[in-house]
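Undergrad: Spelled out, the chains give:
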Amino acid sequence: MELLSSLADGFAVALTWQNIGLALLGCFLGTIMGALPGLGPSNGVAILIPLAFTLGLGATPSLILLTSVYYGAMYGGRISSILLNIPGDEPAMMTCLDGYPMAQQGRAGEALALSGVASFVGAFFATWGLVFLAPQLVKVALLFGPAEYFALFALAFATLGGISSTNQAKSAFAAALGLGLAMIGVDTQTGVPRFTFGEVHLYDGIDFLVAIVGLFALSEVFIFLEHRGTDRDISDKPRMKIGKIIPSWKLIRYCTPTMLRTTGLGFLAGVLPGAGASLGSFISYSMEKRLVDRKGTFGKGDPRGVAAPEAGNNAAAGGALVPMLALGVPGSGTTAVLLAVLLALNITPGPLLFSQNPDVVWGLIAALFIGNIMLLAMNIPMVGLFTRVLMVPPRILMPIVAMVSFVGIYGISGSSFDLLVMVGFGVMGWVLRKLDVPLVPVILGTLLGNEMEVNFRRAVNISNGDYWTLVGSPLAITLWAIAIAGFVLPILVGGVIRKRMRMPKDNEGAVTD
Amino acid sequence: MSDRIFGGIGLILALFYGWQAAIIQESFLTDTVGPKMFPFIIAAMMGLSSVYFLLKPDPEPHWPRAGRLAEIGLAALVLAAYAELLPVAGFLISTAIAAAYLTWRLGSGLIESLIIGVGTSVGIYVIFRLVLGLSLARGPFGF
Amino acid sequence: MRFSITGRGLLAAAALLLTPMAASAQDFTPENPECIAPANPGGGWDFTCRQVGKSLQDLDIIPSTMQVVNLSGGGGGVAFAEVVNKRNDDNDLIVAASSATATRLAQNAYPGNTMDQVRWLGAIGADYGVIAVAADSEIDTLPALMDQIKADPSAISIGGGSAVGGWDHLKVLIAAQKAGIEDVRQVKYIAFAGGGEAVTQLLAGSLQAFTGDLSEAKGFVDSGDIKVIAVLAPERLEGEFSEFQTAKEQGIDAIGANWRGFYAPGGMSDDAYDYWVKAIGTLYASDEWKAIMEANGLAPLDLQGEAFQSFVSDSVQEITDLSKEIGILQ
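Protein chains in written order, with my numbering: chain A, 1 to 513; chain B, 1 to 143; chain C, 1 to 330.
Isolated chain A (complex conformation) (with noise of 0.2 Å):
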């Protein structure tokens, strides 16, 4: 096998000590800024890059350390989601559904350990699926057209009425909540400036990290301020068991078919430039969901629920490297920074990429497995340590979150304006909770709706105005039938059958318009 060959010169590359000890470091690091709020994978790698720089650090060295930190950060963001219902970073929003729950039922320590396996798992395969498929999945990603992206979103935006089992109508309002927000800022298509009041720091957006940093850790904080000397006081005692830190070879088994599925569909998603690891993870925990949740267990600490977003986020973590590496086109944040990073180190990626820089490309992907087996080696011992963070009385531990969020919006920005509007998302965040509202939607919005709209309106103006343009294509037609088929219709069929539970209103259908 001329690939196993290729793979092989990749390890040689890899394995010298100075590679191996910059993975090791860059994992390292990399799990602890995943874990932080506010610091997720793409600024984490974009502050590493002057530490490559200072050491004078070759491409392959330079890129071997920047993945590590990449592939870390994306173990990491799981941690602070299932001990403090926080997600570290954007794709692990998800995992807080079931972490934490499971996290509060005294299983912290299985959790944690589960969805270091399920990371294992995502990231070993997918990377697989670089070594064999990246060629063919460049042909995947060209299937895409701007008709074909959107009905794909709309697809995810569908699945949303499958995830809060609640009101549906308050997962709608916080849909077009996020979605509102992510209209702020300037048209790319026509260039005229959208909500933005004449604010000049709101031309180029919110940033959804400042937006998941505020509905999430900040509203946390206020919640411990409520329920301070109240009966529901936990601020100053140790908050729940642990649990035990390994978990049985029962439940992995148990966990596995999730896994695998996940995986695949992870991958898919990370392959697509623009949609990305978050959008694997979401669209894994929701498909699991809608697949295999027979009991309603989901959202209330089902570990299949933790495993799926965290094999989907880091499959998708590899993914994303396929358009990188194949197109030069990156496919989420993070990529972008590598990306910048490439070019930097006078590497073209692009479709020679792997013909002229084999030892670039095949030293990063040892480096990939490397990094991933030290990231297992790595977080499975250090649950028990990890979960000494639960021992932090809240009243200490709350106050860091809070500052560290701060920090790590501030030193990416510099803006005291955009510490502001996290502020105001702490307090949004903290009312939409009270009245039940689910966060996830919003952040998905504000995630992918420009890109929704965007591709929209591209498809339509390419085709003159002709809005059959959207159903044009037989992957379109099916990514539709998907969304319908299986997100819309059992959510209306479901409340005229069930009339006695509260009937989902229609304007479901007005989230896949």
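For the record, the hints were derived by calculation from the structure and aren't laboratory data.
Backbone N, C-alpha and C fix where the C-beta goes; we use that ideal spot for every residue, glycine too.
Careful, some of the hints might be misleading.
[What the hints assert, rightly or not] Stretch by stretch, here's where chain B covers chain A in the computed footprint (C-beta under 8 Å, at least three residues):
| id | stretch |
| --- | --- |
| 1 | 171-179 |
| 2 | 383-396 |
| 3 | 400-413 |
| 4 | 456-464 |
Fit chains B and C to the known structure of chain A by using the hints.
TA: This is chains B and C only, laid out in the frame that chain A set:
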């Protein structure tokens, strides 16, 4: 009742959003769809779901007493003030104050809060500024 | 003293026309040199700051490490306003800028700010614009593309990596204008988040042409997926790019360079200004920088001090006129 109020606010928000969308200054160079259509759809979606809350409210959530609301409002104000103070007073001082305040309000003693506040501030500074090299706010004293 | 001027074509001519600056620039040394990147880490401006900062230190042109500060927002407008309003007298500060900065200044996208409020230091290179089509396209030349647009503007969708009214869009409009298309607003431009995304859609068949920078197109040209039908440079580029026809030699006199450079606060002292101009000039002339330019696909653009100031001024004027013409600016 809360949901009804929420629905009312949501409806006002939707109307405001729709109005703001309507007054978007379109340039001469517009695409087929234009910059307004999507915002209109969003406003409609927001409005419809708000009407739903008005008609079919969920059970009342458990709201804290007025004192607690003030507590949360004050914390938000302190954090907003922190955001404004950062570029003026520098990272270490502002962060120590904000962290100490939060720690105190979450139930620590006054002296303890001060120590924790300073500790948090210095700890973050060491990790983010000195180790990771992030550019944090520089006050009059350079930190 | 000045350094050898190797800029070419119009740019070099513009530079030569201007008087050399005073030579006594040695009275100032920055204590805490600082570079503001008006965007998040990882973007183009961030790299401008970091690479220049590192090279300046490596070459001992500046005495200490350049601190890079990210100040994002408003497409650079937040940083511009900060420099004008709060740090107008700072002698240690430089700010990364590019064609995008000039474009936004020209289109009043930095509310209340104009280019005269800061002092322009110098350029560190330029990335020339290209117009490309898919390799299997029937179109082979820029005039052929323009003829098709004239015949049926709705049939040709051109994609690029900047927003409408942004630099990638304006480049193709300049070309259309020079090709004799009367109402350039008819040219159908589709905005993407980056050049790479636009090229992908070109390959996927959603688009008929691509407008962007040479560095964005390079990888796909090498692989034979797309063909460059015109490079918007004053004359043919060197080396591997020399096979690309310029728009000019095809009879369409359009030039579009995405330059990178720096500005400094408007209240900076003359000594400090001269110091920074000289620092950037020395850097530009160094072999180390030539290697970095080549690595990044940057073409020469040797303009410092007054010459750069008037270059930016001219291009702001040109963009203003064009934007008014197409109605982006009233």
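Undergrad: Do three or more residues of the stretch 383-396 of chain A come closer than 8 Å to chain B, measuring C-beta to C-beta?
TA: Our answer is that it holds, as 3 residues pass the Cβ test (under 8 Å) against chain B, meeting three.
Undergrad: Okay, the stretch 171-179 of chain A and chain B, do three or more residues pass the C-beta test at under 8 Å?
TA: holds (count 6)
Undergrad: Mind taking a look at whether chain B covers the stretch 400-413 of chain A? Criterion is 3 or more residues with CB to CB distance under 8 Å.
TA: holds (count 9)
Undergrad: Taking 8 Å as the Cβ threshold, is the statement that the stretch 456-464 of chain A is covered by chain B upheld or broken by the three-residue rule?
TA: n = 5 at 8 Å, threshold three: holds.
The structure is consistent with each of the numbered hints, conforming to all of them.
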